[in-house]
Amino acid sequence: MSLIEPKILSVIEVTKLIKQEIELSPWFKDILVRGEISGVTKSGAGHYYFTLKDEKSVLPCVLFRRFRGRESVSVELKHGMKVIVSGSLSVYEQGGKYQLKVEEVFPEGLGRLHLLAEELKQRLRAEGLFAEEKKRPLPPHPRKIGVVTSPTGAVIRDIVTVARRRYPNIEILLSPALVQGSQAPASITRALADLYAQSDVDVIIVGRGGGSFEELNAFNQEDVVRAIASSPVPIVSAVGHETDFTLADLAADQRAPTPSAAAELIVPRRDELCQRVDILMERAEVTIARQMQNLRDSLTRIRTHTYLCNPRLLIEGKIQQCDELTAKLWQHGPAKLTKSRPELNLSQRRLALAVGGLVRTARQEIQHKNDTMTLNITRMIERARAAGENQAGRLNALSPLKTLARGYSVCQDYTGKVITIFSQVEPGQDLRVRLARGELGVKVIEIKGEEKP
Amino acid sequence: MSAPKNNKPTYEEAYNRLEEIVRKLESGEAGLDESLSLFEEGIKLSRICNERLNEAEARIEKLVRQADGEIMREPFVIEAEEDECDDELPF
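Taken in order, these protein sequences are the chains called A and B.
The first sequence begins at 1 in my numbering and counts up one residue at a time.
The second sequence begins at 1 in my numbering and counts up one residue at a time.
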């Protein structure tokens with residue numbers, strides 16, 4: 001029995017201590033390990049578990065899915081594959097084992113060049129040269145395509161063939177470059193600069209055919225990568241084959257797996273562009289035709305409308321309405337009138353019409369009476385005239401001339417005084433005797449007469 | 001770099017405007033007069049599009065650096081068939 005109580009650790013406490021030691025140590029962070037892949041399994045979640053081994057030991061490794069998308073990790077992990085992996089050591093607590101969290105996998109044998117490229121990639125990435133937000137979209141309708149590649153070989157020919165098939169009158173401007181060998185980086189950089197100085201180039205393809213990592217090395221050189229990243233127009237890299245990745249691909253706006261694919265990405269199909277325009281115009285024509293037809297239809301509808309064909313119907317309705325309103329007007333009196341100005345206006349008009357009618361009737365009556373009166377007066381006058389004539393006849397009958405005509409005569413003195421009494425004359429006086437026709441001058445010879453009592 | 005040398009619209013500009021016109025026609029917002037003038041503009045735009053698609057000259061050129069450092073353009077002729085055979089059969 002010891003006096004000092006021994007410190008007893010739990011299993012997890014031991015594991016955590018080890019985890020701390022390992023994960024905080026700079027020795028196990030971002031290390032490169034060479035070995036052979038063994039026992040690869042892929043979890044349902046998409047993570048890879050394998051063991052890296054050499055003749056003397058084994059190292060458990062995990063490659064999480066999130067690193068799988070990286071270009072350098074696109075190689076398929078296979079049993080027996082000799083690789084160099086990069087990553088950091090970690091401890092898996094539940095399993096009580098340490099493992100390498102792998103971030104990059106490089107096939108063995110690439111050696112120094114590959115590691116240099118790897119180092120450059122980290123540096124340029126940190127600088128933001130490959131940033132996604134720097135990527136520009138390709139022009140939808142490029143007129144002139146610049147190409148930086150070898151003037152000999154399949155690349156330029158493939159690009160021209162594909163481009164012309166898609167767009168027969170496409171313009172291509174080649175800026176020739178050596179794409180392999182020690183002169184290649186300077187040559188590519190200069191060819192790019194020459195093309196950048198041309199003002200009519202809309203988009204650029206930079207590329208070469210497939211080859212080994214060493215053959216593609218020019219496209220992993222810092223000058224070339226920076227030159228590509230500085231392109232004034234969108235630039236597409238087409239280096240090697242589908243599986244070849246270079247830093248040029250990361251610096252370009254877009255990566256094409258092959259030069260032919262680059263041409264297909266960049267060059268639109270001219271017939272498709274023509275067709276797009278035709279389709280739009282077809283839609284426009286159909287729409288216009290339909291609109292015109294609709295208008296024509298509604299015009300026909302209007303033309304054949306009952307009211308237009310028989311406008312009297314329209315008025316009849318209004319007349320009836322008007323009558324009804326007038327009737328209401330008389331029924332409900334002025335109180336209702338104020339309620340509806342239009343009704344009032346209508347009624348006023350109706351009223352004016354009615355008053356006009358009354359006036360006209362009265363005027364006609366006056367005229368009629370006037371006429372009657374005139375007629376009566378005329379008749380009266382005529383009657384009076386007729387009566388007058390009758391009396392004149394009678395007067396005529398009383399006339400002394402008529403008496404004379406019956407044989408009587410009138411005796412007058414020469415002053416014109418009618419002699420009616422014997423005492424009016426003296427013997428020997430000259431008198432005038434008026435006959436029915438003519439006069440006699442006579443002398444009084446004898447006077448006979450008796451004095452009336 | 002693709003700046004047009006004059007004020008004529010590019011294919012894309014003409015096409016985009018044409019698309020806008022067709023959308024407007026199809027929306028039924030425009031009256032007959034406006035529709036007809038839009039349609040007329042559409043016809044002009046489609047002509048511009050076709051002009052743009054036909055105006056390139058199918059030229060293939062290459063840049064050549066002169067002795068004095070000046071850069072010239074020369075017609076570029078693709079190599080004969082035997083080069084292709086060399087490329088594709090490297091052994």
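Watch out, some of these pointers could steer you wrong.
[Stated by the list, open to error] Chain B side only, calculated, beta carbon under 10 Å to chain A, not exhaustive:
#, residue
1, GLY42
2, ARG52
3, ILE78
Simulated from the structure, these hints should not be mistaken for laboratory data.
Glycine included, C-beta positions come from ideal geometry on N, C-alpha and C.
Legend entry - Which numbered hints fail: Hints that this structure does not satisfy do not exist here, as all of them hold.
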